[in-house]
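**Q** Residue numbers (my numbering), protein chains in the order written: chain G, 5 to 233; chain U, 3 to 125.
Careful: at least some of the hints might be erroneous.
Think about it this way: if two alpha-carbon atoms lie no more than 30 Å apart in a straight line, the pair counts; the simulated DSSO-like pairs of lysine-lysine are [unchecked claim]:
(1) U:K91 to G:K171
(2) G:K221 to U:K25
(3) G:K42 to G:K103
(4) G:K42 to U:K91
(5) G:K42 to G:K56
(6) G:K179 to G:K221
(7) G:K103 to G:K56
(8) G:K103 to G:K171
(9) G:K42 to G:K171
(10) G:K42 to U:K95
(11) U:K91 to G:K179
(12) G:K112 to G:K171
(13) G:K56 to G:K134
(14) U:K84 to U:K95
(15) U:K22 to G:K221
(16) G:K42 to G:K112
(17) U:K22 to G:K179
(18) G:K134 to G:K103
(19) U:K84 to U:K25
(20) G:K56 to G:K221
(21) G:K56 to G:K112
(22) G:K179 to U:K25
(23) G:K179 to G:K103
(24) G:K171 to U:K84
(25) U:K52 to U:K95
(26) G:K171 to U:K22
(27) G:K171 to G:K56
(28) G:K56 to G:K179
(29) G:K171 to G:K221
(30) G:K221 to U:K95
These are computed hints drawn from the structure, not numbers from a lab.
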Amino acid sequence: MRVIGVMPAYNEATRIGQAIRACLPYLDRLVVVDDGSKDATYAVAQAVGDPKIVVLRHRINRDQGAALRTGSEAALRLGADIIVHIDADGQHDPAEIPKLVEPIITGKADAVLGSRFMGAEPQGMPLIRKWLLLAGRTFNTLALGIPRSVTDPQSGFRAYTAHAASKIAFTQNRKAHASEILRLVTRSGLRWQEVPIHVRYTADTLRKGNQTSDAFKIAWQLLLGAFTE
Amino acid sequence: MLIQFFLIVGFCLALYVTWKRWKQRVIPLLEAVGWSVLWLGGVAVTLIPKITERLASVFGVGRGVDLILYAAVAVLFFLVFKLFISHEKLERKLTDVVRREALGELGAEAKQQTSNSKQQGEG
Chain G
5 MRVIGVMPAY
15 NEATRIGQAI
25 RACLPYLDRL
35 VVVDDGSKDA
45 TYAVAQAVGD
55 PKIVVLRHRI
65 NRDQGAALRT
75 GSEAALRLGA
85 DIIVHIDADG
95 QHDPAEIPKL
105 VEPIITGKAD
115 AVLGSRFMGA
125 EPQGMPLIRK
135 WLLLAGRTFN
145 TLALGIPRSV
155 TDPQSGFRAY
165 TAHAASKIAF
175 TQNRKAHASE
185 ILRLVTRSGL
195 RWQEVPIHVR
205 YTADTLRKGN
215 QTSDAFKIAW
225 QLLLGAFTE
Chain U
3 MLIQFFLIVG
13 FCLALYVTWK
23 RWKQRVIPLL
33 EAVGWSVLWL
43 GGVAVTLIPK
53 ITERLASVFG
63 VGRGVDLILY
73 AAVAVLFFLV
83 FKLFISHEKL
93 ERKLTDVVRR
103 EALGELGAEA
113 KQQTSNSKQQ
123 GEG
């Protein structure tokens, strides 16, 4: 099965080279989407120079959800059987990609979601973020109808089949895409499961990652999304 | 009172512009009628303010002016929300354009892949 990774990147010039090289052994191809970065992300990604890599560029910044969707479309056009979403900041461990795609390869699932809350404790995650994610889980259940059994409401490490991609047509440009994907995965008749993943937070990734106020922004984006075709 | 004079002039002007826009085929007839009802209602309330008091008592609000203020806040909220939604739609259209351009960079390789998959499917 052809496994193609999708890595959205915005101003990641200092980290993306290493992140790409770490992923390549586990993927057949990797689509990097430079989301209108102001730094040399695009050049650094291209400079890795491996034939497995395809580097695309958004002319202007459209945010993470939009870049992921562009990358996923590209992966489908490149003949992906399985699409893997992975962050460019190195907080996901590429060595866990086989674990993520295994239930799909063995025919047990159409979509597999990485979870930070299934025993593998995240390294360096602040307590406030844990509480927010817990609140996010409740919000997802009550407002979006996502089963309570989904333990991680905001994970960006996931895999799904090309067939499932047609049902996971997410449209949120910004951070709300994670909740939207969960909703589509769990309510479209797809077979899904969560697998435990390790996430490593550093001062750098925390500064760029979700902030406390983002929880309210995500709720607002989801509300607007419900009224937007 | 002077305020009544200015309000009525304003409503009449709005009425005139509404029907001018209909004549210019900028808005459909139904929309012109809807706006006209709103402007004429404004004229009626300005001339006979007691109407709002009667309406207010129906809704259980103390004064007619309060009812108008509450209604105005609700209408403004609705309009702002509509604005947010049209902004979101524009954002998504912009993303589509940016995405199409980015995927164009895939070029020949994707086309080759697509035709390979078709051949495999046919085989």
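**Q** It remains to establish, for every hint, whether it holds in the given structure.
**A** Hint check results:
1. Taking the CA atoms of U:K91 and G:K171, the gap is near 21 Å; set against the 30 Å cutoff, the hint holds.
2. In summary, the hint linking G:K221 to U:K25 is not supported, as the alpha carbons are separated by about 43 Å, beyond the 30 Å threshold.
3. The hinted pair formed by G:K42 and G:K103 fails the criterion: a straight-line CA distance of about 34 Å is larger than 30 Å.
4. A hinted pair counts as satisfied when its Cα atoms are at most 30 Å apart, and G:K42 with U:K91 qualifies at roughly 25 Å.
5. At roughly 25 Å between alpha-carbon atoms, G:K42 and G:K56 fall within 30 Å of each other, so this suggested pair holds.
6. A hinted pair counts as satisfied when its Cα atoms are at most 30 Å apart, and G:K179 with G:K221 qualifies at roughly 8 Å.
7. Taking the CA atoms of G:K103 and G:K56, the gap is about 21 Å. The hint holds against a cut of 30 Å.
8. For the hint linking G:K103 to G:K171, the alpha-carbon distance of about 23 Å falls within 30 Å, and the restraint holds.
9. Between the alpha carbons of G:K42 and G:K171 the distance comes to roughly 33 Å, so the proposed pair goes past 30 Å and is violated.
10. A hinted pair counts as satisfied when its Cα atoms are at most 30 Å apart, and G:K42 with U:K95 qualifies at roughly 22 Å.
11. Restraint check for U:K91 and G:K179: satisfied, since their Cα atoms lie roughly 17 Å apart, inside the 30 Å limit.
12. Of the supplied pair hints, the one linking G:K112 and G:K171 holds, its CA atoms being roughly 18 Å apart against a limit of 30 Å.
13. Between G:K56 and G:K134, the direct Cα distance comes to roughly 36 Å. Violation of the 30 Å bound is thereby established for this hinted pair.
14. Pair hint U:K84 plus U:K95 holds up; C-alpha atoms about 17 Å apart against a cutoff of 30 Å.
15. As the CA atoms of U:K22 and G:K221 are separated by approximately 42 Å, the hinted pair breaks the 30 Å bound.
16. Between G:K42 and G:K112 the alpha-carbon distance is near 42 Å, which puts this suggested pair outside the 30 Å criterion.
17. As the CA atoms of U:K22 and G:K179 are separated by approximately 45 Å, the hinted pair breaks the 30 Å bound.
18. The suggested pairing of G:K134 with G:K103 holds, with an alpha-carbon distance near 24 Å, which does not exceed 30 Å.
19. Simply put, U:K84 and U:K25 have alpha-carbon atoms about 27 Å apart, close enough for the 30 Å limit, and the pair holds.
20. At roughly 36 Å between alpha-carbon atoms, G:K56 and G:K221 are farther apart than 30 Å, so this suggested pair is violated.
21. The hinted pair formed by G:K56 and G:K112 meets the criterion: a straight-line CA distance of about 28 Å does not exceed 30 Å.
22. Under the criterion of a C-alpha separation no larger than 30 Å, the hint pairing G:K179 with U:K25 is inconsistent with the structure, at around 46 Å.
23. Our distance criterion of 30 Å between C-alpha atoms is met by G:K179 and G:K103, whose separation comes to about 25 Å.
24. A distance of roughly 28 Å separates the Cα atoms of G:K171 and U:K84; the hinted pair therefore holds under the 30 Å criterion.
25. Note on U:K52 and U:K95: the hinted pairing is violated, with a Cα-Cα distance of about 48 Å set against a maximum of 30 Å.
26. About 48 Å separates the Cα atoms of G:K171 and U:K22, which puts this hinted pair outside 30 Å; it is violated.
27. With a C-alpha separation of about 27 Å, the suggested pair G:K171 and G:K56 falls inside the 30 Å cut-off, and the hint holds.
28. Pair hint G:K56 plus G:K179 holds up; C-alpha atoms about 28 Å apart against a cutoff of 30 Å.
29. Annotation: proposed proximity of G:K171 to G:K221 holds, straight-line Cα distance about 25 Å (limit 30 Å).
30. Straight-line distance between C-alpha atoms of G:K221 and U:K95 comes to about 20 Å, which keeps the hinted pair within the 30 Å bound.
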